[in-house]
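Protein chains in written order, with our numbering: chain A, 109 to 255; chain B, 109 to 255.
What the hints contain is simulated information worked out from the structure, not anything from laboratory work. Hints may contain errors.
Each pair may be met inside one copy or between any two copies, as identical chains are not told apart.
No more than 30 Å apart at the CA atoms, straight line, and that leaves these computed lysine-lysine pairs for DSSO-like [said to hold, decoys possible]:
#1 Lys170 with Lys111
#2 Lys135 with Lys173
#3 Lys232 with Lys173
#4 Lys202 with Lys232
#5 Lys125 with Lys202
Note that the coordinates shown come from a computational prediction; the quantities given were computed from them, not determined experimentally.
Spelled out from the first residue to the last, the chains are:
2 protein chains.
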Amino acid sequence: MTKDMKERITDLVDEAKVAYVSSVDEKGYPMTKAMLSLQRDGLFTHYFSTHCSNRRTQQFLKNSKACIYFCKEDSFEGLMLNGNIEVMTDRDHKAMLWREGFEMYYPEGIETENYCVYKFTAHKANFYYGLSDFDFLLEDYENAGLS
Amino acid sequence: MTKDMKERITDLVDEAKVAYVSSVDEKGYPMTKAMLSLQRDGLFTHYFSTHCSNRRTQQFLKNSKACIYFCKEDSFEGLMLNGNIEVMTDRDHKAMLWREGFEMYYPEGIETENYCVYKFTAHKANFYYGLSDFDFLLEDYENAGLS
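Chain A extracted, bound-state conformation (with noise of 0.2 Å):
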């Protein structure tokens, strides 16, 4: 990878407001929707906010496959990484996590038995730009320009 596409990936997955985060149901079938994009730790680790009791979470319970994608619409540049959601309710996880406004979706604050968060791990991912498509690992993506 050169350092030009790693500038790229990093800008992209920064200025991006949400993810599309997809998992798969019990019917075999792909469920997309967006989710705010809050935290990382690198490129390969994401987390995020929402409720137990969603059916999605109830889903990752089941199946914890999972697909998290960044876009750019307008130069439509687009990244996606596939792996794992684990669904952490400890405290810890939901304090980090933990917004201002968000007790409009959890009333009870960080305590809220209500709330609980993804925490996903990537193990590959696809960039997509310039009408071609380059599949990465992790590596890759860290010794990106390193001579």
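Chain A is fixed; fit chain B onto it per the hints.
Just chain B now, kept in the frame of chain A:
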């Protein structure tokens, strides 16, 4: 469904430049990519143009289960449609989807062997807006606002 909700859904789809199209790969992982939203027939049938040779087309030939998702990031409205994708290679569908400038992707025009059309047909839908989720069927949408 209220008439207002039907209008919101219609506007969302009409204004969307892209749809987020998801497949399921041979290992059971969801795969999401943005595709140009080119043409539809009502709310539950959508068409996309692509290459026959790409990974996703090969996936849909093996497993037609699909999701397409439209999103207004600013107002956080999202429409998810679940259904199946047929890969069409007949001349009629290829001519129907052809647009000016497609020679860039398919140099031999409509006859390009590597050009095909996805016909997506939904069997159910979910609309997210105002912090709520609504499941609906085609008849709910079509009959909305009728007394």
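Quick one: Lys232 to Lys173, C-alpha cut-off 30 Å, is that within a copy, between copies, both, or neither? both (12 Å within a copy, 22 Å between copies)
Checking an output row: Lys202 and Lys232, CA cutoff 30 Å. Within, between, both or neither? Intra 26 Å, inter 33 Å, cutoff 30 Å: intra-copy only.
Go through the copies and call it for Lys170 and Lys111: within, between, both or neither, with a Cα cutoff of 30 Å. neither (39 Å within a copy, 37 Å between copies)
At most 30 Å between CA atoms: does that hold for Lys135 and Lys173 within a copy, between copies, both, or neither? Intra 14 Å, inter 9 Å, cutoff 30 Å: intra and inter.
Can you tell me if Lys125 and Lys202 fall within 30 Å by alpha carbon in one copy, between copies, both or neither? within (20 Å within a copy, 35 Å between copies)
In summary, the structure is inconsistent with hint 1 from the numbered list given earlier, while agreeing with all the others.
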